[in-house]
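Line order of the protein sequences matches chains A and B. The numbering of the first sequence is our numbering, which starts it at 1 and goes up by one. The numbering of the second sequence is our numbering, which starts it at 1001 and goes up by one.
Quick caveat, the hints were computed from the structure, so don't treat them as lab data. It is possible that part of the hints are untrue.
Unchecked claim - Think about it this way: if two alpha-carbon atoms lie no more than 16 Å apart in a straight line, the pair counts; the simulated EDC-like pairs of lysine to aspartate or glutamate are:
id: 1; chain 1: A; residue 1: K73; chain 2: A; residue 2: E29
id: 2; chain 1: A; residue 1: K102; chain 2: B; residue 2: E1059
id: 3; chain 1: B; residue 1: K1041; chain 2: A; residue 2: E10
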Amino acid sequence: AQTVTQSQPEMSVQEAETVTLSCTYDTSENNYYLFWYKQPPSRQMILVIRQEAYKQQNATENRFSVNFQKAAKSFSLKISDSQLGDTAMYFCAFLPDFGNEKLTFGTGTRLTIIP
Amino acid sequence: GAVVSQHPSWVICKSGTSVKIECRSLDFQATTMFWYRQFPKQSLMLMATSNEGSKATYEQGVEKDKFLINHASLTLSTLTVTSAHPEDSSFYICSATPPTGRPTSGTQYFGPGTRLLVL
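Here chain B stands alone, though its shape is the one from the complex:
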């Protein structure tokens, strides 16, 4: 149980285009999902916290207009990198937490990540 999928696994795009990444919790409902960015050989950097039905909470320094997050259902959150530029190239990872009250509540389960390369 507690499987999180992410799509696409990798994407190459031209500078100026927008890219959408989907994160799905496959066997549980996730009221909260998280989006991270990871640079090579570094730890995960939280970008934003996404709650179903409400606006995402962005971390300091993360441009909300650049990284659009939509959490439209209890099993799906999307991250759209708008007008992508080479500096947006990175590894993006989502995670989801089961609802509170469950034995595993609070535990974040991670998707496999998306490698984005902007040319």
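Excised from the complex, chain A in its bound form:
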């Protein structure tokens, strides 16, 4: 069974600064996907970024980028030039690469952007 650990329950950062959210996971699989989802106060789950484990290049989406370290089983999310709209719960999630399997979520990190 896979596990996903987010060791930072809460974080806060000043607007326009950069913040990194940590995520580690445990699996015996070699092929899998990793995701970061954002859940703002509206509670809508929004996909932030997706990473395929077989790709060495770190995924990026505008101000969001990841540092994927497969050997260390680490998948951190960096948010650059943080904005007030980035205030949300952030969930790291793991998906094995064999069919439509279920996601394993971390416990989440509550991020607050301070004006």
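Fit chain B to the supplied structure of chain A, relying on the hints for placement.
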């Protein structure tokens, strides 16, 4: 692309009544949909995996007779909370995945959720 809708967004009902929640993939066909429950300040808890044309697979501890799931088409799955009680009050979220073979296959796209309050 990859939009998932959910209806209703919130519902209040009396104890003992049944409530149906619909989940639709609007711009893609979803062979698999998932139903989650989320308690305040907690992560998502998977209730069941719904595959089109077959019976849903329920997670351990989830009562299948209590939470009826029907995935009648490639774009629609429904969750019916039968004989709802106050302890069923929660936030229910569905998700859908595009078919395998697509670049985004495996990625779950979430509906906006349904807030259920049972009085």
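Problem set entry | Unmet hints by their number, sorted upward, for this structure | Result: no hint breaks.
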